[in-house]
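> Sequence:
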Amino acid sequence: MDTTGVLDEALERLHTTGPEFDDWLSNHGPMAVEALVRRGEGGGVHRWLDRYTTRLEDRPASGDAIRDDAWADALGDPRRLGDWLDHFDRLLVADPREPWRAVLATWWPRLLPGIAAGATHPVIRVGHAVVGLRAEENAPRLRELAHGLGYWAARYQPLPADLALVSSPHAAAEALRAVPPVADQSRGIVHRLDQLTELPDWPTARDVSGPDDVPGRLTELVDAAVRYYATHAHGSAVMLVHAATAPNAVLRTLPDLPRALWEPGLAAAWSASAAVTAAYRPAGPAGAAHPGSASAEELFARAAAHGDEHAIKLADTVLDVAARHPEDVVARSAALRATELIDPL
Numbered sequence: 000m001d002t003t004g005v006l007d008e009a010l011e012r013l014h015t016t017g018p019e020f021d022d023w024l025s026n027h028g029p030m031a032v033e034a035l036v037r038r039g040e041g042g043g044v045h046r047w048l049d050r051y052t053t054r055l056e057d058r059p060a061s062g063d064a065i066r067d068d069a070w071a072d073a074l075g076d077p078r079r080l081g082d083w084l085d086h087f088d089r090l091l092v093a094d095p096r097e098p099w100r101a102v103l104a105t106w107w108p109r110l111l112p113g114i115a116a117g118a119t120h121p122v123i124r125v126g127h128a129v130v131g132l133r134a135e136e137n138a139p140r141l142r143e144l145a146h147g148l149g150y151w152a153a154r155y156q157p158l159p160a161d162l163a164l165v166s167s168p169h170a171a172a173e174a175l176r177a178v179p180p181v182a183d184q185s186r187g188i189v190h191r192l193d194q195l196t197e198l199p200d201w202p203t204a205r206d207v208s209g210p211d212d213v214p215g216r217l218t219e220l221v222d223a224a225v226r227y228y229a230t231h232a233h234g235s236a237v238m239l240v241h242a243a244t245a246p247n248a249v250l251r252t253l254p255d256l257p258r259a260l261w262e263p264g265l266a267a268a269w270s271a272s273a274a275v276t277a278a279y280r281p282a283g284p285a286g287a288a289h290p291g292s293a294s295a296e297e298l299f300a301r302a303a304a305h306g307d308e309h310a311i312k313l314a315d316t317v318l319d320v321a322a323r324h325p326e327d328v329v330a331r332s333a334a335l336r337a338t339e340l341i342d343p344l
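Take 0 as the starting number for the sequence shown in numbering that gives the first Met the number 0 and just add one per residue.
No wet-lab data here; the hints were simulated from the structure.
Hints may contain errors.
[As the list claims (entries may be wrong)] What follows is a list of derived Cβ distance ranges for each label pair:
(1) Gly62 - Pro159: 24 to 34 Å
(2) Arg133 - Gly209: 40 to 50 Å
(3) Pro325 - Asp76: 17 to 27 Å
(4) His324 - Ala204: 19 to 29 Å
(5) Ala60 - Ser292: 49 to 59 Å
(6) Pro159 - Glu339: 27 to 37 Å
The structure displayed is predicted, hence computed values, not measured ones.
Every residue gets a Cβ at the ideal spot worked out from N, C-alpha and C, and that includes glycine.
From just these sequences and the hints, can you work out the full model?
Shown next, in the form of structure tokens:
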């Protein structure tokens, strides 16, 4: 638990800003500060924010309220971003009628088919918000969940409806390597995702037999995506981060969701990870950077000093993998690779 109040102070600073800037870039501030505080780097958070917030824009104004009986009409409409933020602020902070876990349980299945929204940043932001709320419930953390859900609703983006699912290898690592790249990688992620025609059908190919299987399968996927990043990050050192952090956000959220929602979460997490992999897959792998004797904790501290929000988020996920596999050099090399390839803040 953050006994210093740094996280809540940081979130209050960030909640005057919007989830996006420069038209479509995602505000990573809340995700990064949650990871920094939880991983023991809270002392530098406000200095980090002083640099990071110079690029951000004000929170968007609201117009027409989202109606409880007509919310679907506004789903996926980025022009309603301010309305969606206000809607979830009302549900979670201003006029709550249910606990936050009940609100999350209602909206998770509504939003999950659009997990590709905002290049998967909304679901990642929700995952960090849930981790913060699990440690302590208060207004800044509830409002952070509201911002994450509102951002997700406004940018809701299903993958192509005619996407074919084809038989895949049984291991997540093999399935990721089997993901075919999209044909044209010359533009942004929306253009790339629109080209998707097929993905390996990994979760159903693994014959998930019930909710008890889901945490292990998600863990396998996160581990595989981190290792994939170590050797394929040159495809896009920034964007391929999300192939690991999006499924990790779903994994982190599971304990606060009804078990009936776990299996759909696994399928959506795979779709998100595989879609990002297809969008930014390079022609071939490269050698993984060797971290030497540096521990995952030391590599996270290096990412914090480097300052880039993507490097911080990836190093945070690498720490989760390292906790399961302390001797996994390839996973640790992923954190090092991010600081090598991504420009520092």
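> Are the hints correct? Go through all of them and say.
Do the hints match the structure? See the list:
no.	hint	in the structure
1	Gly62 - Pro159: 24 to 34 Å	holds (30 Å)
2	Arg133 - Gly209: 40 to 50 Å	violated (24 Å)
3	Pro325 - Asp76: 17 to 27 Å	violated (46 Å)
4	His324 - Ala204: 19 to 29 Å	holds (24 Å)
5	Ala60 - Ser292: 49 to 59 Å	holds (52 Å)
6	Pro159 - Glu339: 27 to 37 Å	holds (34 Å)
Violated hints, in rising order: 2, 3; the structure is consistent with all others.
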